[in-house]
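The whole structure should be built from the sequences, with the hints applied where relevant.
In order, the protein sequence lines correspond to chains A and B.
FYI, in this note's numbering the residues of the first sequence are 1 to 391.
FYI, in this note's numbering the residues of the second sequence are 1001 to 1244.
Derived by calculation from the structure, the hints in this document are not laboratory data.
A few of these clues could be false.
Stated by the list, open to error - Ranges between beta-carbon positions, derived for each pair:
# : chain 1 : residue 1 : chain 2 : residue 2 : range
1 : A       : K300      : B       : N1036     : 29 to 35 Å
2 : A       : K300      : B       : M1001     : 33 to 39 Å
3 : A       : V22       : B       : A1243     : 42 to 48 Å
4 : A       : R380      : B       : E1181     : 38 to 44 Å
Claimed, not checked - Computed list of chain B residues with no C-beta within reach of chain A, every gap over 12 Å:
#  : residue
5  : A1067
6  : P1080
7  : D1081
8  : G1084
9  : D1121
10 : E1124
11 : A1146
Please read these numbers as outputs of a predicted model, since none were measured by experiment.
We put the CB at the ideal spot given by N, CA and C, even for glycine.
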Amino acid sequence: MNAAWIVFLKEVRENLRDRRTVLNTLLTGPLMAPIIFVLLINGMIARELEKAEKPLPVPVIGAEHAPNLVDMLKQNGIVIEAPIAEPERAVREQDADLVLRIPESYAKSWSKGEPAQVELIYDASQRDAQGSIARLQGILDAYAQRSGTLRVLARGLSPSILKPLVVATRDQSTAQSRGSMMFSMLPYFFILGAFIGGMALAIDTTAGERERQSLEPLFANPVKRSKILIGKLGATSVFALTSLLLSIVAFSLAGQFMPTEKLGMSLSIGVHFVSLTLLTMLPLVAMIAALQTLAAAFAKSFREAQTYLSLLMFVPAVPTMLMSIFPFKTETWMYAVPLVGQQITITRLIRGEAVASTEILICLACTSLAALLAYAITSRIYQGERLAISG
Amino acid sequence: MIEVQDLHKAFGAVKAVDGVSFTARDGEITGLLGPNGAGKTTTLRMLYTLMQPDRGRVLVDGIDAAADPLSVRQRLGVLPDARGLYKRLSARENIDYFGRLQGLDEATIATRCEALCKALDMGEIMERRSEGFSQGQRVKTAIARALVHDPKNCILDEPTNGLDVMATRAMREFLRHLKSEGRCVLFSSHIMQEVGALCDRIVVIAHGKVVADAAPDELREQAATDNLEDAFVKVIGSAEGLAA
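This is the structure in structure tokens:
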């Protein structure tokens, strides 16, 4: 039997007996993406629905100065609340989302046909209140426009002179692309799943084995160290892959229950998505396993290895963050960059857009090359004299 | 047979091993005696090719360790200073793993397991996971694992370290058993009485150099004393780092 295979079998068997490792591989890693997305989407939907349909309570100061305006607000679902003493402070301290103040001069200005002022007091940094503010502002604008039109008509003019410019908006986004803003996070969660799945093994098979003093006797066997490394990397990759596969499957299942159509999005998660995602992630999993083992080989102890690997976990977040901050145009060369290529491919797949097979090939080839490079460096470290010696 | 010729190894400015030569013959127990820090472990590590010597040569059954490390490792059974077991595997699984890495087939591994289990008296621990083993049980398992491929040459780094009196006696008995099978047994120790009681040949190391290489009787003669322990102290120049 090949020595690498012997090492592989032993590592898999030994780690399957470790409950914490198994739990991380089968639960923590895979379930992160679906759970976060179900929570996120349900939260968004609940908020949207609430904002659009629920009566909106607004404290109004000086309601008696503008009975017509107040009537119109009531008709549009605004619940007029009793005036409060210090509206500015109440808004700042988030006791109220927004307050409408109608000054005494309102009635006088209105009847004279001069611009009558009302004050809307709110806090723009309060993201939660933005929907309410926009809604009230919309109602007020509509009222102002209607009254304006009536005044112009009363003077025998055409209301169209109030509208020298009309902007017609034509939104080219599709339901998929609107959804994708949010789902640009998705590849990161898949990569993270693979990371968490392989982490325990990468540490255990290198830093852990050295700390438990079993690496030196292992190296006394008549087996090349590169074979031992391949066996260990194989076991790490298999755990990472299991974690990733479960992650993708769990997400696909959860996706069926996410009421995304209520947000005007639709996801295309099916066999096509699952298989292509898995394919593009394959070499990345190998690369991650090699890098994790490399970091663990550098570490002097188990603890140190954990620290290094936790830091390494932030690396895949970089392309995700860059792409959501600077939504640049996809170019073919980007598929050649490991992590970025997977990011783009998976994002496009979930948007239901076609990814050319050449682009997938470029992504696979370049990431495989990077994985080989990571393996070569790790292998070099493995040849080192000090690697086996603990303390 | 293990032949060591003029080994040198330095870590930075520290010369850990500075010109060590000796020969360990088949059917004999050779003891490597020296105070802590004398360079025993580093010497042994070069023998089983974990480290490369800066200078000098190691021959195992005539094979140059630098030229063909895999063949050399095949001919050696090694109990290193580090003797960690896989805690989530049973004693048998630990032994089985190394047997496979040595290239043995399943039947051979099973036969060897039985033989070692009897010789080391580890009947009741064979199927238990090694988590929670006593020090003595751990050393037994580590030795069985090191010798699973029936090697002609055995290298043991401080095999009695951390063992209680009974386990130490059993270990010494086992070393004699290995010798009676015609193997070349090389072990290191800083315990004078142990080396004196067991060895056919004693190599005394201090500060990375061999200060004496003789049979116990010759050593007593050389130092002009009837007491072997006095002879050790005399050739090393101090009793520091040794134990009676």
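Violated hints - listed by number, lowest first:
1, 6, 7, 8, 11
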